[in-house]
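These protein sequence lines are chains Z and V, in that order. Residue numbers for the first sequence follow the numbering used here, beginning at 60 and rising by one. Residue numbers for the second sequence follow the numbering used here, beginning at 60 and rising by one.
In case anyone wonders, no lab produced these hints; they're calculated from the structure. All clues given are correct.
Which copy? The list can't say, so a pair holds if one copy fits it or any two copies do.
When the alpha-carbon atoms are kept at most 16 Å apart in a straight line, the in silico EDC-like pairs for lysine to aspartate or glutamate are as follows:
(1) Lys242 to Glu488
(2) Lys191 to Asp155
(3) Lys296 to Asp67
(4) Lys110 to Asp138
(5) Lys314 to Asp385
(6) Lys242 to Asp491
(7) Lys191 to Asp181
(8) Lys191 to Asp67
(9) Lys314 to Asp396
(10) Lys61 to Asp178
(11) Lys314 to Glu393
(12) Lys329 to Asp385
Number of protein chains: 2
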Amino acid sequence: MKIQRVRDYVVDNLGYALNPKSIAVIGASRCPNKVGHKVIDGLNKWGYKGKIYPVNPRCDKVAGLPCYARVCDIEDEIDLAFIAVPAHLVYAILQDCVAKQVKIVVIATSAFKEIGRGDMQDQLTQYCRDHKLPLIGPNLVGMGSPIMNFNCGFIPYLPCVGPVALISQSGANLLAALGTSQKDHFGMSFFVGLGNKADVDFSEFIAYADNDENTRCIAVYIEGLDSPEAFLDICQKVHKPIVAIKVGRSPIGVKAAFAHTASENTNDDKYYDELFAKAGVIRATTWQQFLDISLALGTMPPLKNDNIIMITNGGGSGLLSCDHFDRLGMPLKEVKDISAGLAARLKAYMPMFGSVLNPVDISGTASVTQYKGAFMQAMRDPNVSGVLGSICPTAVTDVHAVALAAIEVYEKCKHLNKPFVMECQGGQECQDAIMLLRDHGICAYPTAEQAVEAMVALRKYGEIIEVKN
Amino acid sequence: MKIQRVRDYVVDNLGYALNPKSIAVIGASRCPNKVGHKVIDGLNKWGYKGKIYPVNPRCDKVAGLPCYARVCDIEDEIDLAFIAVPAHLVYAILQDCVAKQVKIVVIATSAFKEIGRGDMQDQLTQYCRDHKLPLIGPNLVGMGSPIMNFNCGFIPYLPCVGPVALISQSGANLLAALGTSQKDHFGMSFFVGLGNKADVDFSEFIAYADNDENTRCIAVYIEGLDSPEAFLDICQKVHKPIVAIKVGRSPIGVKAAFAHTASENTNDDKYYDELFAKAGVIRATTWQQFLDISLALGTMPPLKNDNIIMITNGGGSGLLSCDHFDRLGMPLKEVKDISAGLAARLKAYMPMFGSVLNPVDISGTASVTQYKGAFMQAMRDPNVSGVLGSICPTAVTDVHAVALAAIEVYEKCKHLNKPFVMECQGGQECQDAIMLLRDHGICAYPTAEQAVEAMVALRKYGEIIEVKN
Numbered sequence: 060m061k062i063q064r065v066r067d068y069v070v071d072n073l074g075y076a077l078n079p080k081s082i083a084v085i086g087a088s089r090c091p092n093k094v095g096h097k098v099i100d101g102l103n104k105w106g107y108k109g110k111i112y113p114v115n116p117r118c119d120k121v122a123g124l125p126c127y128a129r130v131c132d133i134e135d136e137i138d139l140a141f142i143a144v145p146a147h148l149v150y151a152i153l154q155d156c157v158a159k160q161v162k163i164v165v166i167a168t169s170a171f172k173e174i175g176r177g178d179m180q181d182q183l184t185q186y187c188r189d190h191k192l193p194l195i196g197p198n199l200v201g202m203g204s205p206i207m208n209f210n211c212g213f214i215p216y217l218p219c220v221g222p223v224a225l226i227s228q229s230g231a232n233l234l235a236a237l238g239t240s241q242k243d244h245f246g247m248s249f250f251v252g253l254g255n256k257a258d259v260d261f262s263e264f265i266a267y268a269d270n271d272e273n274t275r276c277i278a279v280y281i282e283g284l285d286s287p288e289a290f291l292d293i294c295q296k297v298h299k300p301i302v303a304i305k306v307g308r309s310p311i312g313v314k315a316a317f318a319h320t321a322s323e324n325t326n327d328d329k330y331y332d333e334l335f336a337k338a339g340v341i342r343a344t345t346w347q348q349f350l351d352i353s354l355a356l357g358t359m360p361p362l363k364n365d366n367i368i369m370i371t372n373g374g375g376s377g378l379l380s381c382d383h384f385d386r387l388g389m390p391l392k393e394v395k396d397i398s399a400g401l402a403a404r405l406k407a408y409m410p411m412f413g414s415v416l417n418p419v420d421i422s423g424t425a426s427v428t429q430y431k432g433a434f435m436q437a438m439r440d441p442n443v444s445g446v447l448g449s450i451c452p453t454a455v456t457d458v459h460a461v462a463l464a465a466i467e468v469y470e471k472c473k474h475l476n477k478p479f480v481m482e483c484q485g486g487q488e489c490q491d492a493i494m495l496l497r498d499h500g501i502c503a504y505p506t507a508e509q510a511v512e513a514m515v516a517l518r519k520y521g522e523i524i525e526v527k528n
Numbered sequence: 060m061k062i063q064r065v066r067d068y069v070v071d072n073l074g075y076a077l078n079p080k081s082i083a084v085i086g087a088s089r090c091p092n093k094v095g096h097k098v099i100d101g102l103n104k105w106g107y108k109g110k111i112y113p114v115n116p117r118c119d120k121v122a123g124l125p126c127y128a129r130v131c132d133i134e135d136e137i138d139l140a141f142i143a144v145p146a147h148l149v150y151a152i153l154q155d156c157v158a159k160q161v162k163i164v165v166i167a168t169s170a171f172k173e174i175g176r177g178d179m180q181d182q183l184t185q186y187c188r189d190h191k192l193p194l195i196g197p198n199l200v201g202m203g204s205p206i207m208n209f210n211c212g213f214i215p216y217l218p219c220v221g222p223v224a225l226i227s228q229s230g231a232n233l234l235a236a237l238g239t240s241q242k243d244h245f246g247m248s249f250f251v252g253l254g255n256k257a258d259v260d261f262s263e264f265i266a267y268a269d270n271d272e273n274t275r276c277i278a279v280y281i282e283g284l285d286s287p288e289a290f291l292d293i294c295q296k297v298h299k300p301i302v303a304i305k306v307g308r309s310p311i312g313v314k315a316a317f318a319h320t321a322s323e324n325t326n327d328d329k330y331y332d333e334l335f336a337k338a339g340v341i342r343a344t345t346w347q348q349f350l351d352i353s354l355a356l357g358t359m360p361p362l363k364n365d366n367i368i369m370i371t372n373g374g375g376s377g378l379l380s381c382d383h384f385d386r387l388g389m390p391l392k393e394v395k396d397i398s399a400g401l402a403a404r405l406k407a408y409m410p411m412f413g414s415v416l417n418p419v420d421i422s423g424t425a426s427v428t429q430y431k432g433a434f435m436q437a438m439r440d441p442n443v444s445g446v447l448g449s450i451c452p453t454a455v456t457d458v459h460a461v462a463l464a465a466i467e468v469y470e471k472c473k474h475l476n477k478p479f480v481m482e483c484q485g486g487q488e489c490q491d492a493i494m495l496l497r498d499h500g501i502c503a504y505p506t507a508e509q510a511v512e513a514m515v516a517l518r519k520y521g522e523i524i525e526v527k528n
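Just chain Z, with the same shape it has in the complex (with noise of 0.2 Å):
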């Protein structure tokens, strides 16, 4: 439901809900399947610390652990009210959470505004706002932070630590992004899904994730906006990259995104794109691109300006790159135009057959020396405002040296406040290197493409705070 803008009383709170001292998880179950018993061994499983208590009036023990009939029951303070009771006992619960002075509610339960019933749905918004209870969802699948081994809902997976907040709309979607951190090594600092936010909305998350230490990329997954305003106002006053995925833009898309969360999309997509150039939010396309650029925002600096040195040892890669930088309306330079002297000193590093236009390829014989030495003098050159860098297994590449070596010159650079931003194509050792990269910190991808397209954003969000400052 709408809001004018943040509230101070919800945004407060929000911490309760990813790092709770005591949960209660209302209509808890004995029933493995049920979300009511997923949801306290999905908290034992991942290692929260805190106390859990089940509530269900019909039950002794669920996992052990003693139940209460009701929230009122239990003699400690309650943080979380975590709730997955049917839909139609829902309001008595929250009666029951103000009560109790609960500091916040989730509730995971569906089948409210997503299936025509928005007006049992505003009834628990409207009585929540009336006691400045804040209430995440409902028809969510939970939220959690692996920096606290916490992992609240139903939801197999924990992320791997790292600095993106991803808030989500959608479970599914939210599940997707935890598995491929686990897989892919995308760091989080926290996640949560908000279903049909009834009450708490992106933009509370959002100044949250700007107050929190852990996070340096804010990702949000939109379905429908209810509070542009809210959202335009906070996104403006943000210290930290945003990267937004919003769908639901074509005919059929508005119907199902209804159908899902019961979102509204009454505004068509080119709305979005003029918002999001406003509020200073990077906007992606894909799923994939969505998760790139969050990684590649969350992990490198700003990119100053367009002055790019590529160094390959793939002359396809870099056609590949430079026609995809072309592309998104940022074309490479060449060398020359970057800096007069940096064409001469790379020329060091490559056979007589390499190439200093840009991408500078240093050939398919290229050494981890070659290598290192082409890195360090365009990271080093004042000219030179960012590297990508390129590995393309040839029968003599070591690529696991290489990655070492691009390791080495970004520690050696950091200083510097450069992007550097690596591409690994090929098999499992490309892999293999991506993974290592990614764990010291630089952002790496599987094709040429994806790296560009992490570049072209850090330089987008170099405009936007040079707009913002």
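Use these hints to put chain V onto chain Z, whose structure you have.
Leaving out everything else, chain V in the frame of chain Z:
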């Protein structure tokens, strides 16, 4: 160098490059890092069953094999001469090859036209053409076929067996595809690097691939097209889908393409859009799309019309997909507009809060039985031309079992000749499911948009064969 049209003597002899009974390695070397050594290593390592004859006047033995001073000294017939001698020696070697009546020559050596020695390269071409000796290269990485366990060049991978013939002008990108093939089960029939393509042209390998019984899709990576007329002519005649990626669109890309493979790009990028459209070639934009579309066209029949049903357990994945279908100009239709009774039949396989719009959202609680039933209903409906299945792991999803169900449905419905494309977004179990599906001939992808692009390409090919027939 330009050809007017595909030459029969070239196409007839290309089999000697991909399935030779005997190979002379001219420039064979005892030094393990030299191409003239690596090629022999690679042939042996990957299981080449034919005869290898090292040629080098300064060695007695290479890799344990007796070494010949000149190719003419070998008593046996030579199918393929693989040349890895310095550029200035190549012409004399070619004279020997003609004298020996070698069937085809492959020149790995670099430093010809791409560094300004166009005359030197043209001289080789003219000599070979005068003597009807097909020349592949120079400046290439090699070729091979996993079906023959044949890996001839300096190539660290052999791909897995499958339907795609990959014809690439870039060595680095060819190697990337071969590495990806192993890692992501992207199957190939054969692969070849064309390098500077001084003589043998894309069009001749396309003609060869059309005759090759193991190839179902022809994938071509192009840096420059010397002979667009021959290309157009053969593509219009071919009976298999062709996917092309063409780089060198940007001003700096034009220079880089020349520096890389001496490719001359005098036409702008739109020229290629038009040429490919006229030729019935599907153009890919990014490398990932190039691989994804090639896999789809290699494994699935074309899509007869746009009556596609998408079935997912994740509303968010459905939204990403229906937006992307819309973006690509092929919006999803509602289920009720595709087939009158289908929605009612699908409802039997989802909970009350599922959606039969399209995407069909069988919800995060979907069981294997529900998946199987929904897939089967959609595949068997005579009004449905193709099905896009999507698996989003929730806490109750058995990803592996759903993949097996998809395989079962596909096997039962194969005779219907409809595309069945799968998407599986998430962690390692999703990657495993994608590999399982691919191993059973179903094209499957890790993101919604990739699956959509595959479907759209299958429709494009449907349109192309409607025009051809």
